[in-house]
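Engineer: One line per chain: the protein sequences are A and B, in this order.
Residue 199 in my numbering sits at position 199 of the first sequence; the count goes up by one each step and never skips.
Residue 3 in my numbering sits at position 3 of the second sequence; the count goes up by one each step and never skips.
Treat the hints with care, since some could be wrong.
[What the hints assert, rightly or not] Derived pair list, reagent style EDC-like, types lysine to aspartate or glutamate, alpha-carbon separation capped at 16 Å:
1. B:Lys113 with A:Asp30
2. A:Lys22 with A:Glu269
3. B:Lys113 with A:Asp32
Simulated from the structure, these hints should not be mistaken for laboratory data.
Remember, it's a predicted structure, so these values are computed and weren't measured experimentally.
2 protein chains.
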Amino acid sequence: MPLFKPWEMNLQSIIGQIRQKKSFLCIGLDSDVGKLPPHLAGKKNSLFEFNRQIIDATQEFAIAFKPNIAFYECLGAEGWNQLEMTVQYIRDRYPDLFLIADAKRGDIGNTSKKYAETFFKHFDFDAVTVAPYMGSDSVIPFLVYPGKWVILLALTSNPGAGDFQFLSTTKQEKLFETVIKQSLSWGYPENLMFVVGATKASLLVKIREIVPDHFLLIPGIGAQGGDLAEVARYGLNGNGGIIVNSSRAIIFADATEQFAGVAAVRAKEVQSQMEGLLSERGLIV
Amino acid sequence: MPLFKPWEMNLQSIIGQIRQKKSFLCIGLDSDVGKLPPHLAGKKNSLFEFNRQIIDATQEFAIAFKPNIAFYECLGAEGWNQLEMTVQYIRDRYPDLFLIADAKRGDIGNTSKKYAETFFKHFDFDAVTVAPYMGSDSVIPFLVYPGKWVILLALTSNPGAGDFQFLSTTKQEKLFETVIKQSLSWGYPENLMFVVGATKASLLVKIREIVPDHFLLIPGIGAQGGDLAEVARYGLNGNGGIIVNSSRAIIFADATEQFAGVAAVRAKEVQSQMEGLLSERGLIV
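This is chain A alone, in the form it adopts within the complex (with noise of 0.2 Å):
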């Protein structure tokens, strides 16, 4: 297995990330074909020159590209394509960005090894987010790679989330931190994070309890300053330990064919949100 890099140098590069760019923003390519800016629809590789404008107009407020799969596999071969090219522009002209596969995938241990291969060995994203129904297994072929990360779905922010995430166990807690616990013997803070959604940043104290070093993905958070202040809030630590994602409220503020410009305003807008958050925090200097 290739050695892409070593654990602790990655952590301290995502740390040293958020300490040069003073953000913790991770920037969701859910690039939709058919939310694309009118002038873009329709042309070769239509998803992949939507991605590289806003990759180049966005990166420097940004440590992390999150393109979720979907809009991608819908395309079949051509999507996957599309993404290949993606990941590669990245890799080239970007390589400190923190690059996320949100492909939420998980099987038995033999399938996941083969999904490990797709995320990390065909395609070289940092992290993927990984469902935990299966449990450890599913979970584990992903963890053994040097230098990369799983992000394991913990608490998500849409309505569903309060089918079964929250139901109470006999170990006197909600499933969520059952997940938390027990994953905890499978990774360290070094090559396993959570997803947190942000829609009750409440219970962010109590995961924080649970897991004070390890680093969050928090979607679900708009442009309001109100959200983001509350998760900093709760969510920070010593090494910054949230990375906060926003996809469509980016990447879609605009159809015109200046998208990619307006794009860059909103992503300045909540770096220079999250440069006073770190600033208040003394995390930045």
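For this one, chain A is given, so just place chain B on it according to the hints.
Structural biologist: Just chain B now, kept in the frame of chain A:
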């Protein structure tokens, strides 16, 4: 949205296949490129060529085929092309076969919608396996397609199944039971099945109490008559009601140029056992 088939006809079509072929066998196309017979390895479209020969040789003994998507997407766009060729091949030649995408997808609503488009519109699969952790809005976008099926993960056959699926909830039941019960408000026996691992056939009794009428997709069975008999004893209902999957034990039974013929022999052995079991129950004459 295109109306592929009415639900009722599709359920009747599955039941009809079971009676006609005297079989409830699903063959898993877990076509690992590293395990292909040496004479195929390295050839162009080797995965498709392997699948084509397996399908032609075994289709008379099986009612369903189930490509596991991981084994295709680990090859990127090239793998997706061969998956498309495989699906098209089955659709053109053997339109009555029940075609399952073993994808274990699931995401927030607008993203699950894209995954549903992938497997039901880009491909023409009949069914897709879906992970339950994110709840209702991660599953329902797959259920709105007339004539298409969700096969929801309930009780899986891997060692990690024990980590969360057997947790006791405050509803006085195990998590997998809650998952099944909750999902009954999302779908019907005409568009919803459950993955139920065969490692503990006695649990089938409990599951059949909750869902007497739904079809169950049962993985984790080899060619061992004992296991199959036990699964049939507790799982079969008046419609058949179970689809038992076998992957490696059939498709990788032989690695010579005769691999497809050997696979057919294995598939026929399983079908013969199934015929006996269906006959004992009076489900075929």
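Engineer: Mind listing which of the numbered hints don't hold for this structure, in increasing order?
Structural biologist: Nothing - there is no hint that the structure violates, so all of them hold.
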